[in-house]
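Trainee: Protein chains in written order, with the numbering used here: chain A, 1 to 146; chain B, 1 to 146; chain C, 1 to 146.
Hints in this document: simulated from the structure, not taken from any laboratory. Don't take each hint at face value.
No copy labels: a pair is met if it fits in one copy or bridges any two.
Said to hold, decoys possible - Straight-line distance between alpha carbons at most 27 Å, and here's what the computed DSSO-like set of lysine-lysine pairs gives:
#1 LYS136 / LYS115
#2 LYS7 / LYS117
#3 LYS115 / LYS69
#4 LYS117 / LYS5
#5 LYS5 / LYS27
#6 LYS69 / LYS11
In case you want the letters, here they are:
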Amino acid sequence: MKIYKEKIELKSDAQIEFLDISDKVQKIVDNSEVREGQVLVYAPHTTMGVTINHNEPMLIQDFMRVLYKLIPVDDQYAHDLFELRRKQTADGRSNGHSHCKSLLLGVSETIPVEKGKIMVTDSQSIFAVEFDGARKRDIIVQVMGM
Amino acid sequence: MKIYKEKIELKSDAQIEFLDISDKVQKIVDNSEVREGQVLVYAPHTTMGVTINHNEPMLIQDFMRVLYKLIPVDDQYAHDLFELRRKQTADGRSNGHSHCKSLLLGVSETIPVEKGKIMVTDSQSIFAVEFDGARKRDIIVQVMGM
Amino acid sequence: MKIYKEKIELKSDAQIEFLDISDKVQKIVDNSEVREGQVLVYAPHTTMGVTINHNEPMLIQDFMRVLYKLIPVDDQYAHDLFELRRKQTADGRSNGHSHCKSLLLGVSETIPVEKGKIMVTDSQSIFAVEFDGARKRDIIVQVMGM
Chain A
1 MKIYKEKIEL
11 KSDAQIEFLD
21 ISDKVQKIVD
31 NSEVREGQVL
41 VYAPHTTMGV
51 TINHNEPMLI
61 QDFMRVLYKL
71 IPVDDQYAHD
81 LFELRRKQTA
91 DGRSNGHSHC
101 KSLLLGVSET
111 IPVEKGKIMV
121 TDSQSIFAVE
131 FDGARKRDII
141 VQVMGM
Chain B
1 MKIYKEKIEL
11 KSDAQIEFLD
21 ISDKVQKIVD
31 NSEVREGQVL
41 VYAPHTTMGV
51 TINHNEPMLI
61 QDFMRVLYKL
71 IPVDDQYAHD
81 LFELRRKQTA
91 DGRSNGHSHC
101 KSLLLGVSET
111 IPVEKGKIMV
121 TDSQSIFAVE
131 FDGARKRDII
141 VQVMGM
Chain C
1 MKIYKEKIEL
11 KSDAQIEFLD
21 ISDKVQKIVD
31 NSEVREGQVL
41 VYAPHTTMGV
51 TINHNEPMLI
61 QDFMRVLYKL
71 IPVDDQYAHD
81 LFELRRKQTA
91 DGRSNGHSHC
101 KSLLLGVSET
111 IPVEKGKIMV
121 TDSQSIFAVE
131 FDGARKRDII
141 VQVMGM
């Protein structure tokens with residue numbers, strides 16, 4: 001039984017962005033030499049999400065539109081007042097909505113590994129989802145198996 | 001330490017459908033002979049979800065109503081235009097909303113196993129959730145443990 | 001390879017409540033003596049959720065507001081009629097909305113463990129989320145690793 005862990009370092013370029021990390025996750029599974037098992041993809045952040053879906057640019061526009069509709073940026077978030085008072089963020093970032101989007105999506109996914117390959121079909125991609133960019137981020141990828 | 005994997009083959013009968021796969025998951029745990037560990041239930045699809053909740057027919061109507069309200073079918077999805085242009089789908093299926101519903105629900109759940117039994121109470125069922133049926137589907141079930 | 005499991009017993013004090021269980025999860029990881037691996041946090045309930053985010057009181061107000069907005073208490077839930085007919089619940093609890101909130105959040109999260117510590121940053125907390133309190137609850141915490 002092996003346990004292997006690596007960090008993916010990312011840089012988001014927009015406030016909200018779907019970053020396809022499928023190839024990077026597969027590379028870490030390769031490095032782990034695990035043939036049968038599973039891989040955990042985990043975002044150690046409170047304004048990111050992890051999800052698996054189709055990497056089709058128009059669809060990603062739909063995802064963003066839906067997330068903005070469900071959690072509007074122009075609502076009043078109590079958290080933003082809190083941040084303002086604490087002056088915690090140098091750039092005055094109002095990210096209450098980003099936390100709420102992260103809440104909806106969740107910060108981890110687990111994918112089975114078979115014969116050394118992550119079990120995703122051609123239409124599935126693993127996404128790290130930025131909700132409060134642009135900034136540097138890291139994602140933890142942990143492989144368990146044989 | 002054992003790692004054991006099986007596929008559940010399903011056939012959905014409606015566009016949106018909650019398929020209770022609890023018994024099938026338990027059967028695979030039986031086959032694995034794992035006594036202590038966990039089971040990963042994973043949908044290798046972009047228009048399905050996996051969730052755990054109460055299998056009560058009226059409640060499932062509520063789930064559907066809520067999902068349709070949050071992600072309406074009659075919104076305009078950019079993805080549907082894309083599919084139309086590519087003529088990718090023979091049946092002209094407009095499934096932008098199905099992908100968005102999958103995004104909200106997520107495609108995996110992990111359940112602990114104790115003394116060979118999945119740790120679900122009487123009111124919990126494991127559901128594979130179809131968002132773009134009717135069609136054939138498969139679900140990957142992977143058991144890890146001793 | 002170790003597999004270790006413990007139950008956290010909780011008591012919620014409100015209908016909806018974010019209970020920070022990070023310290024309790026870490027304590028169980030300590031008890032497991034696992035140094036490298038992962039921990040599964042799982043709610044064996046149909047009206048609870050498990051999530052990871054920032055434990056900031058104003059933000060938690062935002063989470064509640066968003067969840068109530070997406071899944072209003074004063075909508076009609078078919079499940080509540082069902083419960084009423086069955087007189088299943090002694091207190092006539094109308095908890096259709098609680099099940100729907102649980103559906104959105106999901107009932108498990110998996111967190112990597114490194115050098116015996118759960119890999120959460122200072123701004124991340126693990127929450128068991130009550131959607132149908134006040135009542136007693138338990139959460140299953142399972143550690144796998146070396």
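Trainee: Which constraints among the numbered hints does this structure fail? Numbers only, ascending.
Mentor: Hint 3 alone not satisfied by this model.
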